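From first to last, the protein sequence lines are chains A and B. Letter by letter, the first sequence follows residues 666 to 946 of my numbering. Letter by letter, the second sequence follows residues 993 to 1220 of my numbering.
Don't read these hints as lab results, they were simulated from the structure. Remember, predicted model here, so these are calculated numbers, not experimental data.
Dumping the calculated DSSO-like pairs for lysine-lysine here, alpha-carbon to alpha-carbon at most 27 Å:
#1 A:LYS789 <-> B:LYS1001
#2 B:LYS1009 <-> A:LYS788
#3 A:LYS717 <-> A:LYS680
#4 B:LYS1009 <-> A:LYS789
#5 A:LYS775 <-> A:LYS840
#6 B:LYS1138 <-> A:LYS717
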Amino acid sequence: MICCSNVYKSYGEKKVLSGIDLDIPDGTIFGLLGPSGAGKTTLIKILTGQIKADGGSVKILGKDVNELSGQDKKHIGITMDNFGVYDRLSCADNLKIFADIYGVPRSCIKEALELVGLGDSMKKPASELSKGMRVRLCLARAFMSSPEILFLDEPTSGLDPQTMRQIHDIIRDKKNSGCTVFLTTHNMEEAYALCDSVSLLNDGVIVENGVPEEICRKYDHQKKIKMHLSTGEDMEIPHDRRAATVLTGLFENGRIETIHSSEPTLETVFLELTGRKLEDA
Amino acid sequence: MKNTAIIIKKQLMDTVKNKTVLIQFVLFPILTLIMENAIKLDGMPELFFTKLFSVMYIGMAPLSAAAAIISEEKEKNTLRVLMMADVSPLEFLFGVGIYVWSACMIGACVMATGFEAKDVPFYLAVMGAGYVVSITAGACIGTAAKSQMAATSLVMPVMVVFSFAPMLSMFNDHIKRVAGFFYTQQLSVLFERMSFDGADAKGVVILAANAAVMFMLFFVTFKRKGLE
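From just these sequences and the hints, can you work out the full model?
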């Protein structure tokens, strides 16, 4: 459904993307992780046909992205970080414009607003919405045409944890209804919680990709078990056969208060691969 | 065509709440009605204020409204959303243009209430033609400007020159000579004569040249900058 091969893009002398390959299966949530300036937004703009790549091929819905018809575009929902809304118009009027453009019935407006939890704010001017509500309005706009593919650029950037969780639930619901979701984020917890697969992007190059849990296991070099004992002491033991004997003894004596394995997070994997933090500004 | 109609509908919804643009549309028609009814001086030419304000209206309202609408859409990135929803740049520009033209024509109809019925078609035709040139100039500025504020800075001097030059030329011959090259001055001359028969060749050439320059500037700007 979303497929790109050997995609290149430069702005003047600066290479923004270098040989990007992606093949995202239908009905999955894919996360593109990278710090600010890694090339995430450029890639999403190329995938959505907003800008052209300097080289390589991009296929969306089985067609070259530059050959998508108006009808095809109705199957694609997009929210970019900087996409605006009509401030003076109400939430419902904002969606009415796009319902007319997409040719969907007006009843979809109410459904889309209720889906994102803005059912009670239909008549509220967009200028009076909080940042989280504006993001949800943008999502409602993207959902209204029941897209097969959703491109979400930093959908939860700058939102409070509760709103973030609500938006995660909406994205999961969309996936469950068969939608393919492509999201960019620099929040590794979001990627871990939401995505079926992720790619780590740094300076325009994909440095790692796969299922988040598998990536973390792959880079688990320490292979240790860390414990905090009831005596207040911290203890680390190698994650091997001998650990079973030690752990059994500690458990039998009731000495373990907390226990963790030592596999890294996506953040530490990214740090190991690039020397940069994901949330670098 | 469908998308153009949607853009017009969107602008109609927005205008009621957009005081800045709304004032542009209603200010001169209201001012005309007030002045024509409130001030009657001996020796004052017939419908003096209507003709004066009509030219100012042509030079101000469509130009600033078109520039404001386009630059605001660009600045707030709503234009990009429209483009992503498969509204083409030309559909958008036509939508904005038709809307501004229609809104200003309503204003012209209000201002035309003082004319004799036989003069109304001529008056409206001249107003309509003037709006097209001004809207093109406004679209040119809206397309070139990166933000609404930049558009306002560009619109102000252009608007002042086009709308005030015909009035100032009444008092100063030097200004009159320069203003003669502007379409608003030529439209003002047409309003004085209130007939196409009275239009001289030079005036028609200047009007056509003004329109051609505006269209050319718009297409050059649009080709270079698009609606990004």
